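Asker: One letter stands for each residue in the lines below.
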Amino acid sequence: MDNRIKSVDKMKKIMKKYYLSAKYAKYFGKKIAWITSGGPVEPLIAMGIIPVYPENHGAIIGASKIGAKLSEYAEGLGYSSDVCSYAKVDITSSITHQSPIGGLPKPDMLICCNNICGTVQKWYEIQARKFNVPLFIYDTPFCHVDLDEAAKKYLKTQTKDYITFLEQVTKKRLNYDKMQEVGKLSVKAMKVWQAVLDCAIEKPSPLTAFDAFIHLALIVTLRGKKVVVDYYETLLKELKERIKNKVPAIENEKYRLLWDNLPIWYRMRWLSNAFAKHNGALVADTYTQSWCSVVDYVDEDKFLETMGEAYARVYLNIGTDKMAESVIKLIDKYSIDGVVLHSNRSCKPYSFGQYDIARIIQEKRSIPTLFIEADMTDDRKFSEAQVENRINSFMEVIAQIRG
Amino acid sequence: MFIGIDIGSTTAKIVLMDSSKNIIDKIIANVGYSSKQVATNIYREILAKNNLKENNIKNIVSCGYGRESIDFAKKAVSEIICHAKGVHFLINDASTIIDIGGQDSKVIVLNSSGNVVNFVMNDKCAAGTGRFLDVMAKALMCDIEEFGTLALQSKKTCKYKQYMYCVCRI
Numbered sequence: 000m001d002n003r004i005k006s007v008d009k010m011k012k013i014m015k016k017y018y019l020s021a022k023y024a025k026y027f028g029k030k031i032a033w034i035t036s037g038g039p040v041e042p043l044i045a046m047g048i049i050p051v052y053p054e055n056h057g058a059i060i061g062a063s064k065i066g067a068k069l070s071e072y073a074e075g076l077g078y079s080s081d082v083c084s085y086a087k088v089d090i091t092s093s094i095t096h097q098s099p100i101g102g103l104p105k106p107d108m109l110i111c112c113n114n115i116c117g118t119v120q121k122w123y124e125i126q127a128r129k130f131n132v133p134l135f136i137y138d139t140p141f142c143h144v145d146l147d148e149a150a151k152k153y154l155k156t157q158t159k160d161y162i163t164f165l166e167q168v169t170k171k172r173l174n175y176d177k178m179q180e181v182g183k184l185s186v187k188a189m190k191v192w193q194a195v196l197d198c199a200i201e202k203p204s205p206l207t208a209f210d211a212f213i214h215l216a217l218i219v220t221l222r223g224k225k226v227v228v229d230y231y232e233t234l235l236k237e238l239k240e241r242i243k244n245k246v247p248a249i250e251n252e253k254y255r256l257l258w259d260n261l262p263i264w265y266r267m268r269w270l271s272n273a274f275a276k277h278n279g280a281l282v283a284d285t286y287t288q289s290w291c292s293v294v295d296y297v298d299e300d301k302f303l304e305t306m307g308e309a310y311a312r313v314y315l316n317i318g319t320d321k322m323a324e325s326v327i328k329l330i331d332k333y334s335i336d337g338v339v340l341h342s343n344r345s346c347k348p349y350s351f352g353q354y355d356i357a358r359i360i361q362e363k364r365s366i367p368t369l370f371i372e373a374d375m376t377d378d379r380k381f382s383e384a385q386v387e388n389r390i391n392s393f394m395e396v397i398a399q400i401r402g
Numbered sequence: 000m001f002i003g004i005d006i007g008s009t010t011a012k013i014v015l016m017d018s019s020k021n022i023i024d025k026i027i028a029n030v031g032y033s034s035k036q037v038a039t040n041i042y043r044e045i046l047a048k049n050n051l052k053e054n055n056i057k058n059i060v061s062c063g064y065g066r067e068s069i070d071f072a073k074k075a076v077s078e079i080i081c082h083a084k085g086v087h088f089l090i091n092d093a094s095t096i097i098d099i100g101g102q103d104s105k106v107i108v109l110n111s112s113g114n115v116v117n118f119v120m121n122d123k124c125a126a127g128t129g130r131f132l133d134v135m136a137k138a139l140m141c142d143i144e145e146f147g148t149l150a151l152q153s154k155k156t157c158k159y160k161q162y163m164y165c166v167c168r169i
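Sequence order for the protein chains is H and C. According to numbering that gives the first Met the number 0, the first sequence is numbered sequentially starting from 0. According to numbering that gives the first Met the number 0, the second sequence is numbered sequentially starting from 0.
Please keep in mind that the hints were generated in silico from the structure rather than gathered at the bench. If you're wondering where the values come from, they're calculated on a predicted model, not measured in any experiment. Heads up, some of the hints might be wrong.
Unchecked claim - When the alpha-carbon atoms are kept at most 27 Å apart in a straight line, the in silico DSSO-like pairs for lysine-lysine are as follows:
#1 H:Lys276 <-> C:Lys20
#2 H:Lys276 <-> C:Lys35
#3 H:Lys276 <-> C:Lys137
#4 H:Lys159 <-> H:Lys30
#5 H:Lys276 <-> C:Lys84
#6 C:Lys73 <-> C:Lys57
#7 H:Lys105 <-> H:Lys29
#8 H:Lys253 <-> C:Lys84
#9 C:Lys25 <-> C:Lys74
#10 H:Lys190 <-> H:Lys225
#11 H:Lys347 <-> C:Lys105
#12 H:Lys276 <-> C:Lys25
#13 H:Lys9 <-> H:Lys25
#14 H:Lys68 <-> H:Lys11
#15 H:Lys30 <-> H:Lys12
#16 C:Lys105 <-> H:Lys363
#17 H:Lys171 <-> H:Lys129
#18 C:Lys20 <-> C:Lys57
#19 H:Lys347 <-> H:Lys68
#20 C:Lys74 <-> H:Lys253
#21 C:Lys84 <-> H:Lys363
#22 H:Lys171 <-> H:Lys155
#23 H:Lys183 <-> H:Lys236
#24 H:Lys12 <-> H:Lys29
#25 C:Lys57 <-> H:Lys253
#26 H:Lys151 <-> H:Lys177
Could you put the whole structure together from the sequences, leaning on the hints where they help?
Answerer: Put into structure tokens, the structure is as follows:
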């Protein structure tokens, strides 16, 4: 049976068009901003600036299995092997133009939001010097337990400074009506994306985390554009149809698993099959939830005033206890039998604390956890025999517990 | 009669058990370059030593890194489940198993019925493995059995401790 999600072809076309429009931006008089994956993209969309995501590009490089080669080049320049591989492949690609899409178009400005890590700040400073373009750092205070009034006020100032920066670089004023419209579309996209992910509550699930990883591209890159809402509505319709007809993503789904951390881009199919062999389906993940989990903090009628708080509350900018709380919620919501934690050599904020989260899961829900040591793009950090052995053992343990 | 066979990365183990759960015999051998060959050898050896034929064996379960290469086994199970069963059989109130293997090290947590609740394994670093301890024991010209005792006798702090933060070079 062909279980492939059909809508994906439409998404590929949208992404192709997006990358082409970015490539030829200057011919249309458009400016390009490179932006971090968790960054506030909506003001860029409202001002007609084309956002480009080095991290999305890193994922493409990883999926094309050239991540190790590009990382090695950066290591040759003196970057430590412990530096994030997204940063390394971007630095390499911006020099050598090696990439399945021929590299990224040159930026006119860089927007770095440090809500996902501290590496992005140094990485964007390096690229700002290389391209000799202005850099804006949208600084989000860390949300250990909650954000106090001073932090909320600071975030509002960050947003104001951000708008001023964009107006200065583009020499144009922000159209606040347009901004409002983009904000509404962004909120709508997050809600539909959540509805897409929630289709996995169904048993059997019509989609897996691997499908979510692929479909994530749009909400990351073009959030705030109508095309994103339209696409996710089409996808949602297809998934609901699959639920109605009981079309599973994984044949014989018996055990439902949760994935933590970024995907291992170069091993997606292999991993999916390794779990499917034991009737295991990775139905949900913490990563793709990041682009909708804070939607409740945004007031779509006061988008600019509230977006800062939402951006400061993303999964990677909260304390370990809060992260564990979110994981427990996902375990309950998606009826999870076991949690797979990718200890990602590249992503320190995501991987640090995972052993505590695993312990909390054990204490609160008594379900088994599995650690896979790897890297999202660099396959030198992946050991197939060890990972396979762990997956087999983990699935045997789940089968023993669940019967 | 039943047979359990564990083909690890360094040693191969085979155990013969009767239907009353008595351990009749066991053999431990080095794996060498062919896990399949050593498995066949110790299987034949244990049968010959106990005057048994293949059709006297009701079931054979394999585990370990080489478990899939043993074609005469009826079932391949990971060593995690097997360790749990084995340890619970021998020591029924054991709740934690630490296995220092050649390829990796594992800590397995059991519940009171001997079922696996969770397990963790070392990262890829070779220093977490039994093979590393083996090599270090050889380099220090002592037996692996003496290795731990010798280390604990030391009264000096490690003068290289400032380098312990270095990236693993193994």
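Asker: Determine for every hint whether it applies to the structure shown.
Answerer: Here is what the structure says about each hint:
1. About 32 Å separates the Cα atoms of lysine 276 of chain H and lysine 20 of chain C, which puts this hinted pair outside 27 Å; it is violated.
2. For the proposed pair lysine 276 of chain H and lysine 35 of chain C, the alpha carbon gap of about 24 Å is at most 27 Å, so the pair holds.
3. Distance restraint check for lysine 276 of chain H and lysine 137 of chain C: the Cα-Cα separation of roughly 41 Å exceeds the 27 Å cut-off, and the hinted pair is therefore not satisfied.
4. Between lysine 159 of chain H and lysine 30 of chain H, the direct Cα distance comes to roughly 20 Å. Compliance with the 27 Å bound is thereby established for this hinted pair.
5. At most 27 Å may separate the alpha-carbon atoms for a hinted pair to count; lysine 276 of chain H and lysine 84 of chain C meet this at roughly 23 Å.
6. At most 27 Å may separate the alpha-carbon atoms for a hinted pair to count; lysine 73 of chain C and lysine 57 of chain C meet this at roughly 10 Å.
7. Between lysine 105 of chain H and lysine 29 of chain H, the direct Cα distance comes to roughly 12 Å. Compliance with the 27 Å bound is thereby established for this hinted pair.
8. In summary, the hint linking lysine 253 of chain H to lysine 84 of chain C is supported, as the alpha carbons are separated by about 24 Å, within the 27 Å threshold.
9. Pair hint lysine 25 of chain C plus lysine 74 of chain C holds up; C-alpha atoms about 19 Å apart against a cutoff of 27 Å.
10. Proposed proximity of lysine 190 of chain H and lysine 225 of chain H is supported: the alpha carbons are some 13 Å apart, at most 27 Å.
11. For the hint pairing lysine 347 of chain H with lysine 105 of chain C, the CA-to-CA distance comes to about 24 Å; that is within 27 Å, so the pair holds.
12. For the proposed pair lysine 276 of chain H and lysine 25 of chain C, the alpha carbon gap of about 33 Å is over 27 Å, so the pair is violated.
13. Distance restraint check for lysine 9 of chain H and lysine 25 of chain H: the Cα-Cα separation of roughly 26 Å lies within the 27 Å cut-off, and the hinted pair is therefore satisfied.
14. Annotation: proposed proximity of lysine 68 of chain H to lysine 11 of chain H holds, straight-line Cα distance about 25 Å (limit 27 Å).
15. This hinted pair checks out: lysine 30 of chain H and lysine 12 of chain H have alpha carbons roughly 22 Å apart, not beyond 27 Å.
16. As the CA atoms of lysine 105 of chain C and lysine 363 of chain H are separated by approximately 23 Å, the hinted pair is consistent with the 27 Å bound.
17. Straight-line distance between C-alpha atoms of lysine 171 of chain H and lysine 129 of chain H comes to about 25 Å, which keeps the hinted pair within the 27 Å bound.
18. A distance of roughly 13 Å separates the Cα atoms of lysine 20 of chain C and lysine 57 of chain C; the hinted pair therefore holds under the 27 Å criterion.
19. Distance hint between lysine 347 of chain H and lysine 68 of chain H is fulfilled; the C-alpha atoms sit about 21 Å from each other, no more than 27 Å.
20. Pair hint lysine 74 of chain C plus lysine 253 of chain H holds up; C-alpha atoms about 21 Å apart against a cutoff of 27 Å.
21. A hinted pair counts as satisfied when its Cα atoms are at most 27 Å apart, and lysine 84 of chain C with lysine 363 of chain H qualifies at roughly 26 Å.
22. This hinted pair checks out: lysine 171 of chain H and lysine 155 of chain H have alpha carbons roughly 21 Å apart, not beyond 27 Å.
23. Of the supplied pair hints, the one linking lysine 183 of chain H and lysine 236 of chain H holds, its CA atoms being roughly 21 Å apart against a limit of 27 Å.
24. In summary, the hint linking lysine 12 of chain H to lysine 29 of chain H is supported, as the alpha carbons are separated by about 21 Å, within the 27 Å threshold.
25. With a C-alpha separation of about 30 Å, the suggested pair lysine 57 of chain C and lysine 253 of chain H falls outside the 27 Å cut-off, and the hint is violated.
26. A C-alpha spacing of about 24 Å is found between lysine 151 of chain H and lysine 177 of chain H, which places the hinted pair at or below 27 Å, so the restraint holds.
Comparing the model with each earlier hint shows violations of hints 1, 3, 12 and 25; every other hint is respected.
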